[in-house]
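**Q** The whole structure should be built from the sequences, with the hints applied where relevant.
Just so you know, the protein sequences line up as chains V and F, in that order.
Residues in the first sequence are numbered from 1 upward in steps of one, following the working numbering.
Residues in the second sequence are numbered from 343 upward in steps of one, following the working numbering.
Because the hints were derived from the structure by calculation, they are not lab data.
Backbone N, C-alpha and C fix where the C-beta goes; we use that ideal spot for every residue, glycine too.
Treat the hints loosely; a few may be bogus.
[To be verified] Listed next, the in silico SDA-like pairs over lysine to any residue satisfying Cα-Cα at most 20 angstroms (straight line):
no., chain 1, residue 1, chain 2, residue 2
1, V, K325, F, K560
2, V, K3, V, A334
3, V, K162, V, Q42
4, V, K277, F, N466
5, F, K534, F, N548
6, F, K431, F, L445
7, F, K560, V, I329
8, V, K128, F, L652
9, F, K431, F, I487
10, V, K128, F, T612
11, V, K325, F, W460
12, V, K6, V, L330
13, V, K130, F, V659
[To be verified] Which stretches of chain F does chain V cover? Using the computed rule of at least three CB atoms under 8 angstroms from a CB of chain V, they are:
no., region
14, 363 to 377
15, 485 to 498
16, 544 to 557
17, 602 to 611
18, 640 to 649
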Amino acid sequence: MEKLKKITSNHLFLPLFALCLLLVFNAFATPGFFTIEFQNGQLFGRIIDILNRASILVILSMGMTFVIATGGIDISQGSVIAISGAVCCYLIGGNGDGTANMPLPVACLVAVLVCAVCGVWNGFLVSKLKIQPMVATLILMTAGRGIAMLITEGQNITVYYKPFTYIGGSLPGSPLPTTIYIAAIMVLFVVFIQKKTSVGLFVQAVGINSNAARRTGLKVSAIIFMVYVFSGVCAGIAGLMESSMIAAADPNNAGLNMEMDAILSVALGGTLLSGGKFYVGGSIIGAITIQTMTTTLYALGVSSEQLPVYKALVVILICLLQSEKFKNILEKRAVEKAVKQG
Amino acid sequence: MKNLTGIKNRIVGSRYFSFGITLTLFVVLYAVGMMNYRGFLKPQVFCNLLIDNAALIIATIGITFVLLIGGIDISIGSVVALTCMTSAKLLAETGMPALLVILLVLVMGCVFGLIQGWLITEFNMQPFIVTLAGQFFARGMTAIISRDTIVIEDPLYTSLASARIYILPGGFISVGVIIALAALVIGTLVLKFTRFGRNIYALGGNETSAQLMGLPTKRTKISAYVVCGFCSALAGVVYSLIMLSGYPLHAVSMEMDAIASSVIGGTLMTGGVAFLPGTLLGVMIQGIIQTFITFQGTLSAWWTRIIIALLLCLFIVIQAIVSRSRQRLNSEH
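**A** Here it is in structure tokens:
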């Protein structure tokens, strides 16, 4: 009993449990869910598909995790994704003959840098002007798609330059989609930062009590600033992947509501939205779980417009399970039951 | 010199300073419009500002109640869409009388707000995440009811939608505007003169002190979300009068427009400070910017978003200055 409690109280329990539940469900409900085929030197299958789509969410949710850990929130990620795609596609250009105006690495780098600047703007508002994170990022959320439109001059730019599709697709000769590699590199980077530096600890300290953190000598505003810049960079990379998948810049729809999914992944991963202790591993599994759920529901014939209802129920369920009061009620019930049984 | 800064602090820290800035901005924008475009001289242009934004005005009133207690509600746009869709479906398929349908959807809005408020206060959940779930839920339900447009052909709706009420020579308003203005007046009076209104201000100012004073904080908080849910549904009714249809993508991100209007109108996002007539001006300023862009003709619609974001930014910075002056004013006494 003690052991069981120890397992269930682990922060990774909830997302892993949900993921296992979904996988078991799929094993029965979706025929051929686990089959992976090897064709033309590439792996195909639903699992690969899920991981491919989830990579975007994993990267976004890592950025979001740090922001939420400081007690903030970044609702501009979706708009920044649109900006990233717009910048990259604009620099490469929609040449019909399949040539690029600018080398791909340069275009990608510039796009990510522009998104880092977006993050700088958010970070400046939150850490220097002391504006509430929600309002501060609301500004870029409102303006972001307009800015993306400004860059693409109000049109969707379709890119015919073949190597651009490698980012969201797969490199010639590689069995797995590139997105998975990029996500893996980002995960390793974050793990490295967490294990080898004290950045994670600092972020946590700021989230638990920023005043106390300041008094112990932490540069609170610098930490908050960096967190938003990182979130911007993550959104930038995610934006490259997203626009590469459709080989176009779509300022109106790229990354629409993605920030909400990222927040959801973080919450599912066990990080409290009020800040403080955070679990990057939880967020990553949370992101994969959310994507699995989306794919499962699609497979069951739920349309993309109806999907939010199920997501809403999951959100409420997660929050209820995290809420102290709900836990107390459950525990009381358990105790009463035990007493009755003698 | 010290006296001068004292006066400055007193003006800047005044309760109506923010309102003053918004009003000035509105008048200046309108004057600039009159000078540049002859169309602005027509009274109907002013009335159209109200007609086009009637639903947004009501939504802004609702969000202001929630912002006042330091909360947030991002489910508004979806609830508007759900209201339109539900009324369209009920009218098209059940033959229920229109008035009963309106009553039903209003009750639905209240219940929606009640559930959100209950979850937030009872389980100490984050308002952002709960209303995010509400947003998902309402938007998804709208699509479950129907993924295609349902047209409203009810005679009461169509006659209300086409009714013109002349208030100026050459300027008429719609029924929706009357509802919106009535809601504004009632909202202002409730906040100013009722116990509930004063509780809301007290709660937003400082929740702990409000609790220590023995105010019913929990009940007040839930009520604020109920008011917001009701306003969303009412905005939905007015919106369905404009659109005469239900469609899953109606009023997408209206909540963000409402929050922006409220902030431009002088509401403090941290709670405790708001003046409803100011929020009306916040909506009107957004309307003017849209009118400008329409009259200008060569600028695209997305400039509206950028300009609104800039305005939002400006007002948030002003708020930071205001609250600093107010702190100085308090420390002088």
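**Q** Next, verify each hint and record whether it holds.
**A** Tested hints:
The suggested pairing of V/K325 with F/K560 holds, with an alpha-carbon distance near 15 angstroms, which does not exceed 20 angstroms. Restraint check for V/K3 and V/A334: satisfied, since their Cα atoms lie roughly 16 angstroms apart, inside the 20 angstroms limit. Using a Cα cut-off of 20 angstroms, the hinted pair V/K162 and V/Q42 holds, with the two alpha carbons roughly 18 angstroms apart. Only pairs whose Cα atoms come within 20 angstroms are accepted, and V/K277 paired with F/N466 is accepted, the gap being roughly 18 angstroms.
Only pairs whose Cα atoms come within 20 angstroms are accepted, and F/K534 paired with F/N548 is accepted, the gap being roughly 18 angstroms. Distance check on the hinted pair: F/K431 and F/L445 sit about 15 angstroms apart at the alpha-carbon level, within 20 angstroms; holds. Between F/K560 and V/I329 the alpha-carbon distance is near 19 angstroms, which keeps this suggested pair within the 20 angstroms criterion. At roughly 18 angstroms between alpha-carbon atoms, V/K128 and F/L652 fall within 20 angstroms of each other, so this suggested pair holds.
Of the pairs offered as hints, the one joining F/K431 and F/I487 holds, with about 8 angstroms between alpha carbons and a cut-off of 20 angstroms not exceeded. A threshold of 20 angstroms between alpha carbons decides the hint, and for V/K128 with F/T612 the separation of about 17 angstroms falls inside it, so the pair holds. For the hint linking V/K325 to F/W460, the alpha-carbon distance of about 13 angstroms falls within 20 angstroms, and the restraint holds. Distance restraint check for V/K6 and V/L330: the Cα-Cα separation of roughly 16 angstroms lies within the 20 angstroms cut-off, and the hinted pair is therefore satisfied.
The hinted pair formed by V/K130 and F/V659 meets the criterion: a straight-line CA distance of about 10 angstroms does not exceed 20 angstroms. Residues of the region 363 to 377 of chain F lying with their CB closer than 8 angstroms to a CB of chain V number 0, which falls below the three-residue condition for coverage. Only when three residues or more bring their CB closer than 8 angstroms to a CB of chain V does the claim for the region 485 to 498 of chain F stand; here the count is 3, and the claim holds. Counting residues of the region 544 to 557 of chain F whose beta carbon lies closer than 8 angstroms to any beta carbon of chain V gives 0, which falls short of the minimum of three for the stated coverage.
With a threshold of 8 angstroms between beta carbons, the proposed coverage of the region 602 to 611 of chain F by chain V holds, since 3 of its residues qualify and at least three are required. Given as covered by chain V, the region 640 to 649 of chain F passes the check, having 6 residues with a CB less than 8 angstroms from a CB of that chain where 3 are the minimum.
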